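Chemist: These protein sequences, in sequence, are chains A and B. Read left to right, the first sequence gives residues 0 to 276 (numbering that gives the first Met the number 0). Read left to right, the second sequence gives residues 0 to 216 (numbering that gives the first Met the number 0).
Zero decoy hints are in this set.
Here are the simulated EDC-like cross-link-like pairs (lysine to aspartate or glutamate), alpha carbons at most 16 Å apart as the crow flies:
hint: 1; chain 1: A; residue 1: K215; chain 2: A; residue 2: D239
hint: 2; chain 1: B; residue 1: K95; chain 2: A; residue 2: E191
hint: 3; chain 1: B; residue 1: K95; chain 2: A; residue 2: E54
hint: 4; chain 1: B; residue 1: K94; chain 2: A; residue 2: E54
hint: 5; chain 1: A; residue 1: K214; chain 2: A; residue 2: D239
hint: 6; chain 1: A; residue 1: K214; chain 2: A; residue 2: E226
hint: 7; chain 1: A; residue 1: K215; chain 2: A; residue 2: E178
hint: 8; chain 1: A; residue 1: K215; chain 2: A; residue 2: D180
hint: 9; chain 1: B; residue 1: K94; chain 2: A; residue 2: E48
hint: 10; chain 1: A; residue 1: K215; chain 2: A; residue 2: E226
hint: 11; chain 1: A; residue 1: K214; chain 2: A; residue 2: E178
hint: 12; chain 1: A; residue 1: K151; chain 2: A; residue 2: D180
hint: 13; chain 1: A; residue 1: K215; chain 2: A; residue 2: E237
hint: 14; chain 1: A; residue 1: K262; chain 2: A; residue 2: E129
hint: 15; chain 1: B; residue 1: K94; chain 2: A; residue 2: E191
Think of the hints as simulated: they come from the structure by calculation, not from any bench. Just so you know, these numbers come straight off a predicted model, no measurement behind them.
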Amino acid sequence: MAELFGPIRQFFARSNDDLVKIIGMAVLVAFVSSAAVSVTAVMLRPYQEANRAAEQQARMDQMLDTLPGMRELMMGSGMMMESGMMGAGVASLETRLVNLDDGSFARDADAAGFDLAAMLQDPEASIALEPDADIAGIKRRANQSPVYVLQKDGDLMLIVLPVYGAGYQSTIRAALAIEADLVTIAALAIVEQGDTPGFGARIEEPDWLAQWPGKKITDETGTVRIELVRGGASTPYEVDGISGATRTSNGFTNILRFWLGDKGFGPFLTRLRQEGL
Amino acid sequence: MSLKHHLIAPLIGNNPITLQILGICSALAVTTTLSTAVTMSVALTVVLCLSGGVISLMRNHIPPSIRLIIQITIVASIVIVIDQFMQAFMFEMSKKLSIFVGLIVTNCLVLGRAEAFAMRNPVLPSVMDGLGNGLGYSLVLLIVGALREFLGTGALMGVPLVTTVADGGWFQPLGLMQLAPSAFFILGLLVWLVRAMRPEQVEQPEFRLRAPEDRRS
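For reference, chain A alone in the conformation it holds in the complex (with noise of 0.2 Å):
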């Protein structure tokens, strides 16, 4: 021991302004704060993931809980008794994965374990979007997309879309329940948004999101003309804007544009309405 330990005295023996020293303590420094950080890392993981998933759960829940007639209509089908009371919703609403570029269902996917960051990262699994199409600021799109279905004795009941999109200075994910039309808007949900305090933000309040059922998200021809404005909202596919959050009521406009347009969810809609789910 004493024959490893002499270089070691002798190293740190050395002056302070020797080369050989501050090189050594350099990558020493380095070394020791590395492996202290990736030791932490790796075994605080498991803790970490099982944070995450429990969170999408919790949204999950929210998400369901701020529908309104949600409960009832689950209630009405049944399947609220099935599944037991609590928790209820996440388990009988259905998680389907959608095929976005053909709108078809992904029959053979896992849903459950559906992770968009990963896609995010894979160009096998995602898109890059062209500047001009991207107008929900999301740069690159998941070819798939999970929605939720609301489904008694076989008939479309309610359809959820996630949908997300640059606000103002925050990433807003939102999810959209849609009636068996597949026009009308069942209702609002903001899942996730980082905007101002006070301005952009509202739109998470009860008052603002009440505004959204019975709106419909196209006309007759099929043409997405949802919208948020300025004033007061005269027609069914316009929905009263944030006053002082410009910025985040088009950003939203646009976020519901793209996710409800051809890169979206647009050819699913359309196939539902022909061929039914």
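Chain A is already provided as a structure; the job is to place chain B on it using the hints.
Modeler: Relative to chain A, chain B alone:
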């Protein structure tokens, strides 16, 4: 100077925020509610103590030519480890604080104490100095956080104390308090208050205006 002095002095007499004006950016960002201010205070105090201790322990072997980068490496590692712990065990809070825990690295307060104190003092006083400064920072953060949350939302720690107009009461929340500039106003008022009580903290101007004819002659 006793250990107690290192702990007590930074609370008001030599407060890192009101006197040294260090660590302002995070003080603005995390004080919208009291609970984020508390968590940030704890995180920063822990980082200050640990970094003070570690750097003081190595102080005789840190080459002066690369001392800053060694200090910042140590501070950064401690911060990442704490951030990882928060993501594992305080997930909600770490989401609220988002990048600001990571940005403790760039908090001038941490590097300032490492450079000014821990590099020249033994381990125990350095840890005490870190603790004292952390508590001084926390004190200001808690005052600002409590004021901003109460005036901005009518609640403290998320518990409503007065009924807001929106809920049918009389209290009209001051929306400005939830935006960053309000932290500047409150900090400014605090600095004013402290310096009014302790005039010795008022700085002398570094330059005085000279009379114009001096320049001519």
